[in-house]
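J.: Each chain is listed here by its residues.
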Amino acid sequence: MAQPVVRMRDIVTRFGDKVVHDGISLDVERGEVLAVVGGSGSGKSTLMREMIMLLSPTAGKVEVLGHDVAGISELEALPLRRRIGVMFQHGALFGGQTVLENVGVPLREHTELHDDIVDELAQVKLTLAGLEPRTGALWPNQLSGGMRKRAALARALALDPELLFLDEPSSGLDPLSADALDELILQLRELLGLTVVMITHDMDSLWRAADRVVLLGEGRILGTGSMEELARSNDPDVKRFFSGPRARGAQTGGG
Amino acid sequence: MASDPASVSSNGQDIVCQGDWTALQLDRAARDLRYLRPLPGDVEIDLSGVSRIDSTGAWLIYRAAHKWSKLGAKTRYIGLDDKTRELFELIAGQGIEPGDAPHPPAPGFLENLGRDSAEAARNYMAFLGFIGNATFSSLRILLTPARLRWSQVVVESEEAGFDALPIVGMLAFLMGIVIAYQGAVVLQQYGAGIFIADLVGLAMLRELSPLVTAIIVAGRTGSAYTAQIGTMKVTEEVDALRTMGIAPIELLVLPKIFALVIAMPLLTVFADLMGLLGGMIMANNLLDVSFQNFIDRLASEVTIADYLVGIGKAPVFALIIAAVGCYQGFKVSGSAESVGKHTTISVVESIFLVIVVDAIFSIVFSRMGI
Ligand SMILES: Nc1ncnc2c1ncn2[C@@H]1O[C@H](COP(=O)(O)OP(=O)(O)O)[C@@H](O)[C@H]1O
Ligand SMILES: [Mg+2]
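Protein sequence lines, in the order shown, are assigned to chains A and B. Take the numbering used here: the last position of the first sequence gets the number 262, and nothing is skipped along the way. Take the numbering used here: the last position of the second sequence gets the number 1323, and nothing is skipped along the way.
Honestly, the hints are just simulated from the structure, not real lab data. Only a predicted model underlies this, so the values are computations on that prediction, with no experimental measurement involved. Beta carbons: idealized from backbone N, C-alpha and C, even for Gly. A portion of the hints provided could be inaccurate.
One-sided and incomplete, this derived list gives chain A residues near chain B with beta-carbon spacing under 10 Å [unchecked claim]:
| hint | residue |
| --- | --- |
| 1 | GLY23 |
| 2 | ARG89 |
| 3 | GLY98 |
| 4 | GLU108 |
| 5 | LEU120 |
| 6 | ARG141 |
| 7 | ASP167 |
| 8 | GLN194 |
| 9 | LEU195 |
Covered by chain B, per the in silico footprint, the following chain A stretches (three or more residues, Cβ under 8 Å) [as the list claims (entries may be wrong)]:
| hint | region |
| --- | --- |
| 10 | 60–70 |
| 11 | 100–107 |
| 12 | 128–138 |
| 13 | 145–153 |
The following block holds chain A by itself, in its conformation from the complex:
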């Protein structure tokens, strides 16, 4: 029985009086593509921040790659962080470095590989993420929103992480690029045994890329299962989320 890559138990998160999570338990299994969905402000990004050790929940237990991360020190977290790639919602590229340097940051920091090898690898990751190698010479503020996402994905992939977190990877991408991104994620999962946790609103991605979908709302998990299961569900909350015209369009088109 393989251990879950991320295990969350009874997570409670409060900001002041505001309860964002009210008892969430969730396992991310090795090798799966798990999608987290939910309305804006339902606490998806916050949940992700807890999984990547940027935020401690108010109460509850988080285990990442088999380690309890409650009160973990930065030093202890470092080996875990190296095995995790994160793509932030707005890219979070470093403005003072070119795109190529941005993608090379993790490699330069954690390995002693030669600069030209790092640059080549950065280009490989850029093309993997769907950008022209020439884009590497640009500065982040010269990129469009979609390009910025792809560059951020390339950086998240730099160390071939076991566990990849994507916060709204396809928002801001045109449909073709979004399709290509889904393909890429599936391919990387296949080849590198990647486990992916992605936050998304994109119904097409949910149908095509996600093995399992978790619906957040009202601080709880309202539903979990494959897209087919959720689409068939009779639970009123789940129905409401997945039965809008956009959701149905995606099903007939992509499923």
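Based on the hints, put chain B with the ligands in the right spot on chain A.
T.: Just chain B with the ligands now, kept in the frame of chain A:
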């Protein structure tokens, strides 16, 4: 699954890779690969001893093979499973040539010099343009004063003025002490202790109070102006204002300029008082000049003109600091780093300009005999 770090060996022709070829385990293998030079002919790259491999490891092997085949070797991978083969295909399929990375063009010395000079000239013109724009907007707004955001002027002048009282007062007080102390040593020798009041009075009122105030304000308020406007530029808030038909200069710049022009003279008055107080206390301590004598001497020797000369400089300094601070804020582009850079420029440039203008004032006033 702990395994040995990646290693590579060769019998002079065929290559054997072993161990864990993932990004964090590659340092030694990467070094060794650089020195391997198979002869032309068939070269088998044996991967059967590789326990794990990721795209970094695969790329290292691929680029070495690529290099060798350019030297005439015919490389062939053996002993790899389907997934690894697919990984190699994925990586090779990206069409990246080893050895040429795209970097922004790096100009040479002369080009840099030329660029920098042109940039400096453009900058100078742009700054003048900004001043013109701000002046024009100010005049227009003075015709319809209701349009100025007075509530913001009040908030800004509280932050730039009232909140700065402790630090300005403290430093001016210390300045008064220092001058009195230095002066006392000399004056005592001539038994001319009472002249301490002239010294402290003239130095503080005419020169040091406005200067100290300006330097502190440049450091704490000018820099804040740059950082605030700069950050708003990075987050496109300035553009958002523009699209809503709100002139950034009216919302962001004019209230700051007005606030500082009001606050700086007031701060300077306070600095005058504290400086004199410091001098007076030292005079009493070191030279036995009583407070009464000090004040009488001050009243008879330091004229109202001396006082006004000092106070009069303050609004000019305020204009310089606010204009430079805001201008540098608008010059920020793109990144957090740029915010830092322009904040530094803002402080250095405004202090520099304040001192230059102060020197010009001194010359002009002495010519005019004030
Ligand atoms: N640092 C914070 N301080 C206070 N409230 C926060 C903080 N971060 C997030 N929140 C609140 O938590 C809720 C969930 O936010 P988030 O996880 O970003 O939602 P989303 O599901 O849209 O990603 C929101 O209501 C947000 O206002
Ligand atoms: Mg979010």
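J.: Decide, hint by hint, whether the structure agrees.
T.: Hints and how they fare:
no.: 1; hint: GLY23; verdict: violated, 24 Å
no.: 2; hint: ARG89; verdict: holds, 7 Å
no.: 3; hint: GLY98; verdict: violated, 12 Å
no.: 4; hint: GLU108; verdict: holds, 9 Å
no.: 5; hint: LEU120; verdict: holds, 5 Å
no.: 6; hint: ARG141; verdict: holds, 5 Å
no.: 7; hint: ASP167; verdict: holds, 4 Å
no.: 8; hint: GLN194; verdict: holds, 7 Å
no.: 9; hint: LEU195; verdict: holds, 9 Å
no.: 10; hint: 60–70; verdict: violated (count 0)
no.: 11; hint: 100–107; verdict: holds (count 5)
no.: 12; hint: 128–138; verdict: holds (count 7)
no.: 13; hint: 145–153; verdict: holds (count 4)
Hint check: violations occur at hints 1, 3, 10; the rest are consistent with the structure.
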